[in-house]
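Throw the hints in and build the complete structure from the sequences for me.
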Amino acid sequence: MNWTLALPEIVLSVSGLAILVFGVLQRRDPTQVCSLLTLAAFVLTGVLVLLAPDGIGYNSVFVGDDFARYMKILSLAGAALSLILSMDYNRREGIGRFEFPVLLLFSTVGTMVMASSENLMTLYIGLELQSLAIYILCAFDRDRLGSAEAGLKYFVLGSLASGLLLYGVSLVFGFAGTMEYRGLQAALSASAEIPTGLVIGIVFIIVGLAFKVSAVPFHMWTPDVYQGAPPPVTSFMAGAPKIAAFALLLRVMAGPFGTASHQWQLLIELISMASMLFGALAAIPQTSIKRLMAYSSIGHMGYALMGLAAATPAGMRGTLIYLAVYLFMNAGTFAVIVAMRRRGRPVERIADLAGLGRTDPGLALAMAIFMFSMIGVPPLSGFFGKLLVFSAALQAGLPVLVVVGIVSSVIGAYYYLRVVKVMYFDVATAAFDRPAASVSLVSAGMGLVTGLFILLLGPVSSAAQAAAAVLFR
Amino acid sequence: MGAVAPANAILLAAILFGLGLAGVLIRRNLIFMLMSIEVMLNATGLAFVAGGARWGQADGQVMFLLVLTLAAAEISVGLALILLLQTRRPTLDSDVGNRLKG
Amino acid sequence: MITQIVFWFFAVVLIGSAVMVVSARNPVHSVLFLILAFFNAAGLFLIAGAEFLAMILVIAYVGAVAVLFLFVVMMLDVNFSQLREGLQRYFPVGAAVGLVLFVELALSASAWRIAPNVRDLPHARVPGASSNTEALGELIYTHYVFLFQACGLVLLVAMIGAIVLTLRDRPSAKRQDVAVQHARVPADTLQMMTLGLGESTTGNGGFRRPIGKSAEKPVSRPALVIENSPDREG
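Chains as they are written, first to last, in the numbering used here: chain A, 1 to 473; chain B, 1 to 102; chain C, 1 to 234.
Source of the hints: derived by calculation from the structure; they are not laboratory data.
There could be a bad hint or two in this list.
A few chain C residues facing chain A, derived, Cβ under 7 Å [to be verified]:
1. Ala150
2. Leu153
3. Met159
4. Ile160
Footprint (simulated), chain B over chain C, 3 or more residues, beta carbon under 8 Å [as the list claims (entries may be wrong)]:
5. 37-45
6. 138-147
7. 175-185
8. 191-204
Built from N, CA and C at the ideal position, the CB exists for glycine as well.
In structure tokens form, the structure reads like this:
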């Protein structure tokens, strides 16, 4: 058995255990040291992911390939960025405890296991590991009612989603007799007619995963949880777990259920359209920047699903690139949200951004870049993401989807531009507290990545191409 | 399931799952919601074992063991969250006192 | 034939108790019916030849999860006024649940060996294993060791979570600090005084008073004064 396949996961888990023991034994407050150690573990794991071999191992529950590598690097990057944001935020809010980086680390292990799943059992366990840690992280600011409520709300709806997914898995197992992706693929392509029970099972799996990526109509938890959870946790939630859930969607839908694509394609199309429109329309009346970002993330998931709806290698590549683009825009925007503090207290209204263009031009410029990129203005990164999924959907013969996408982009431009207008043209209120160097670093770095994405397009797109090709082996 | 047709067991699991799902959606008390989730997970466990028996595979039983473990972990976190919220808020009604609205 | 009857019996009671779990007004009733539901599911597993799962279901769910639920229900003072009304209110429900459980235990004991052919089924992938438990152990610890370990991580996360969310370090809580106790010397805590005959302790400040306003060692300075008697000295 080729156990080195899972070496990155093993190393990350073992270093998580070591950091936990270190934190427990330390007499003085070990939070900062543990956070730095966790960052180092993320970097080390990233290197190992790049070096990990390809192949299927562990009695075919685990797979290492280009697709898994791409998704793992993205989720590690998302986790590391959120961790950097959390170090300063948690200290200022007085919730800095060393369990935070450890839980974040284990959640990342869960996302990596999800990305490498080759069996529905692995899928479920990775999903649970990832979500369980996030439920706890949401309620981490336990003395604030909003945070505890967000944790509980996410917990109830998240475990409901896990239950639905699990029931879908049990139906698939009951009707196909295996949970291995390759076995399922063989079973499905061998039979001329797919049993109804199996189709119901696939639908349940899609519903469970749609819940995790917060696509309409399974989005209702998103705004409340985004608003209640501490912003660094929200930035993590919007990044790595969604990427991992997308990894599962792409892998499961394109691989084992690929031959049944006519059965689920319409469902994904509808979900995608509804998410794009709802994300654009429901965000308009929002006054809280966190809720705005929640609706924006619902919309972005709709665009990313468009590539899956196309069910072609080009569509999958578009989705993969869109996810990478979204991850960096999102982390940058949340860095700005973390920097929104006045007199030692976090503020979150959009009106609080007024006059940021004069009081902190650098931060305002970064935020403006993220907003324009989310609209899809060239040559920012969001433009390329949208371009690729739109063109893939057109090639796959889904013009309605593209029209809906363009319409909702135009509607979305309204509220993104409103943020820019508030920053540059409204009368300035008091300046924000001076943000920590780590937060400025993240916002500036992500601003650069988003602004100059055209330079990165080549490598990212070739990596995504290789990853998408694996799905259609 | 032995001399019992697998279809019956799958039907039983479906009824149980539906009951649990209805419980989560209808009941507003968090404790009842958690218990309904337990019923749902139990139903899936039944479906896994029935599926395993149908195909002569031990995978179903292994999966049930994993589900059992994870359900226990999930419930312990859920109850911890309920306890946490209870110290802040006097009611367990999931609709009352909801401050996250917009 | 008996298997059929037993299956339907368990199935009907399982559905009935699940309905009660979902619809009961009293959370304690609900937990009791949840236990009944678990027992019935365990009975079904016995029929399917999964005796290990049946035992684990009873041990882990009834023994741990249901008891955890009961703990929390009691702690949360849900309907606490009703709960205090005593055993009598719960006796009918409890007795009914107990009776059904007893009947089922008897039934499953008689039905266990009905279908010997299904007991071979779970072994299909593990040749050489002689029982269901052995087959499962073989699978979990060798084939699916990755999943097994990942499950361990989930349990660890749950443990960290429960601690992070509910454990509070209260500054007012009294804890034993062995190092401080060992570091105490008589000079920290005792103050020797000489009282003349007929003098009262209150005149000299009483037994309890703060001594040594030094802030650097607050722990090792209790405000207790012990004086020796002048009679014994003289």
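Tested hints:
no. : hint    : verdict
1   : Ala150  : holds (5 Å)
2   : Leu153  : holds (6 Å)
3   : Met159  : violated (10 Å)
4   : Ile160  : holds (6 Å)
5   : 37-45   : holds (count 5)
6   : 138-147 : holds (count 4)
7   : 175-185 : violated (count 0)
8   : 191-204 : violated (count 0)
Taken one by one, the earlier hints fail for this structure at numbers 3, 7 and 8, listed in ascending order.
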